[in-house]
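Protein chains: 2
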Amino acid sequence: MTLTAPSKLTFQQKLENYAELAIKIGVGLKPGQRLLIGADVENAELVRLVAQKAYDAGARLVEAHWEDDFLTLARLKNAPEESLTEAVHVQTFALNDVAEHEDAVLWMRSTDPDLLKDIDPSRVNKAQTAMMKARAPYYGKVMVNALNWCIIAPPSKAWAQRIFPHLSPDEALEQMWDASFKIVRADVENPLEAWAQHNARLRKVREYLTQKQYSALEFKGGGTDLSVGLPEKHVWGGGSHHTTGNNAGLEFTANIPTEEVWTLPHRERVNGVARASKPLSYSGVLITDIEVHFEDGRIVSAKASKGQEVLEQMIATDEGSHRLGEVALVPHSSPISQSGLLFYNTLYDENAASHIAIGRAYRHNLEGGVEMPLEDFVTLGGNDSLVHVDWMIGSSEIDVTGVLPGGSREAVMVKGEWAFKV
Amino acid sequence: MTLTAPSKLTFQQKLENYAELAIKIGVGLKPGQRLLIGADVENAELVRLVAQKAYDAGARLVEAHWEDDFLTLARLKNAPEESLTEAVHVQTFALNDVAEHEDAVLWMRSTDPDLLKDIDPSRVNKAQTAMMKARAPYYGKVMVNALNWCIIAPPSKAWAQRIFPHLSPDEALEQMWDASFKIVRADVENPLEAWAQHNARLRKVREYLTQKQYSALEFKGGGTDLSVGLPEKHVWGGGSHHTTGNNAGLEFTANIPTEEVWTLPHRERVNGVARASKPLSYSGVLITDIEVHFEDGRIVSAKASKGQEVLEQMIATDEGSHRLGEVALVPHSSPISQSGLLFYNTLYDENAASHIAIGRAYRHNLEGGVEMPLEDFVTLGGNDSLVHVDWMIGSSEIDVTGVLPGGSREAVMVKGEWAFKV
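Heads up: the protein sequence lines correspond to chains A and B, in order.
With our numbering, the residue at position 237 of the first sequence is 241, and numbering never jumps.
With our numbering, the residue at position 111 of the second sequence is 115, and numbering never jumps.
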């Protein structure tokens, strides 16, 4: 069923819709809140639109924290090796201050997916690890939904060129905007209504799956043959969620676009091989043809045709980065997948295909997980790490089977599509 | 004497010179230092150039803290009144963190000088006061030269339009760049040498004036008739200075351009009337035709033909904003003055004309002033305040007379030009 037929909206109207979605569906701004917008300098026009929408929605204070690919690259190229363990001061503060005050936060991520391809991977890893460590207070709040946060990924020139390498820079950017507007449902007359319906459908799917309480999911196809154990009392997430903490009860949608439902893998019950169905951009480096073997939840070998060193260093971050923190299902018929485009960006690509993530798990993916001490969460099968990195294993070739508590099996996905109706 | 004849440098070469000057003459970056660049989003290209020059000069880490006129204006227009006393979080941190670590800092100030002209002055004042209070740790370090800092003011579109209202936006910007390159001596083959000579000359002038130890300066002309008492052991500043503190001894030039020499007025010995020779842009509002009366160092009346409310609120900030913190001499033949342009920006306009500043005084303008407690500095005639605001009283009409310790008088400037040779 088509919700609302795509209409002949102008670019500016679609951009307005996008900004409105970011504030109303994404961060779900509460009147009187402070909003931090983290953005690339290139996104200035959209930041301004979003800031105005935020004030219109009653924001108390809108601040932007800007970043710039050139400066990131210049540092990684030029800074003395020993200085790379120093986290960037202002950026670190910006995040942890949001966490401390439980303010609203919107990230616009438009980094060139292959920005750091010529940088020594050990330098990239050093800077990345320092950054993740310094931001621990922020991620701590994110993992328990104590903040209303949202990530969007508006087009940028360098990124558009990666997606459409045969077009001119301007044409590539135009094509990418066009694709993005469709994917985030900003090209329709009433995008808020479209999102309400979309989130309602995701809620039905996650409620169905939570009620099933599969003890494991088995992924087969496209080189993947993986059993992912699920802990007892796991909870599926998807679409919009509600904050906990001091601002409890705010409805927000952490990713725009979002097409996935996801839950908690058991950190000790993952076995088999996972082969990536799409490249992964991590820390500005593209990693292609990832193949990872798990034994009793732990990665025992990992290879890639490109970026293997970055992959290995990412996995070596800590014990938790050897284990899964998320397993997610996305039908192959999702709008992103149907666009036929490869975005080299997790926000888009993870919402085009079923995926797994190594590292830190979301506490709300376990009943009572938000309130319990971290040790208890880990004992019950949850995972913790400095990192959280998704990569895609889904495609039109993948079958997903659910193992019921009694041991019987039923189809969850066949050839990448849902095998049930909600 | 012409130092170096202006050459046929390309725009890009002049921009490179400008960036080089900012790092080598301006902040005088020490290898291994962290540099914070505060800039407008519109300055991205120059920020990138400067960042590369900084790494070339051995910077450990270059961070940018970006601002955007639109966001400033949107806040002042839209935010709830009571929220304006909240200082912008990330901006405040960026400055005070630089102060805490005594890092290098470069400000690029390209704000539209009339940005906030339609905002209720009491709202502007509320936000401005909160900002100044929150940044007190930073200004504390600046006033004792504990940081190597520099302000430059690269052109921006909106600002160029104010200066050249009859040109197209692109032409105005081009004209402004052209004028700026000349004024900052970036249009010559060897700008570093030109600046070395310029700073050497300013040093001679300030040493001459310090040695004179005038007990007062008398300004007459253009509606101004003002006697500014100078404390015993006052010291003239001008050109480059050296840091104190943990990084003691770094040579830096706090303003590019700089044409002034300045010293400490006695906070209780200023009498008469000061009439501004140029408009002042303060907090994004243009204040024109300022006329201020002093009695025993204190402002007893202030008026302006435009922006009077902002002027009054600025003066009302605290006791120290009723008194002078700086008196500065600039010959009318300075390159900025000779450009015939009015920039509506203190960095340019204060270096085109002799000026005074109300508010906080520089501690290094008194012998031993950096080391002594603030109370002693104030007892000896120094001033303290949340604010420091310069405005121009110099012109081709102004005569400046120095009163020698014995009571005799001699000419310091006649019709805006030096009456002595160094």
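Please note: incorrect hints may appear among the correct ones.
Because identical chains share one entry, a pair is satisfied inside a single copy or across any pair of copies.
[Stated by the list, open to error] Using 30 Å as the maximum straight-line C-alpha spacing, the simulated DSS-like pairs for lysine-lysine come out as follows: (1) K81 to K28; (2) K34 to K130; (3) K34 to K81; (4) K28 to K12; (5) K216 to K137; (6) K34 to K310; (7) K237 to K161; (8) K419 to K224.
Bear in mind the hints are in silico, worked out from the structure with no lab data behind them.
No experiment lies behind these values; they were computed from the predicted model shown.
**OP:** Have a look at K237 and K161 and pick one of within, between, both or neither, based on CA distance no larger than 30 Å.
**Re:** neither (45 Å within a copy, 59 Å between copies)
Original post:
How would you classify K28 and K12 at a CA-CA limit of 30 Å: within, between, both, or neither?
Top reply: within (23 Å within a copy, 54 Å between copies)
Original post:
Using 30 Å as the alpha-carbon threshold, which applies to K216 and K137: within, between, both, or neither?
Top reply: neither (36 Å within a copy, 58 Å between copies)
**OP:** Classify it for me, K81 with K28: is the Cα-Cα distance of at most 30 Å met within a copy, between copies, both or neither?
**Re:** Answer is between; shortest inter-copy Cα gap is 21 Å, intra-copy 39 Å.
**OP:** Give the relationship of K419 and K224 under a CA distance limit of 30 Å: within one copy only, between copies only, both, or neither.
**Re:** within (10 Å within a copy, 89 Å between copies)
**OP:** At 30 Å max between alpha carbons, let me know whether K34 reaches K81 within a copy, between copies, both or neither.
**Re:** between (41 Å within a copy, 19 Å between copies)
Original post:
Can you tell me if K34 and K310 fall within 30 Å by alpha carbon in one copy, between copies, both or neither?
Top reply: Intra 44 Å, inter 39 Å, cutoff 30 Å: neither.
Original post:
Between the shortest in-copy and the shortest cross-copy C-alpha distance, which are at most 30 Å for K34 and K130: within, between, both, or neither?
Top reply: between (37 Å within a copy, 24 Å between copies)
Violated hints, in rising order: 5, 6, 7; the structure is consistent with all others.
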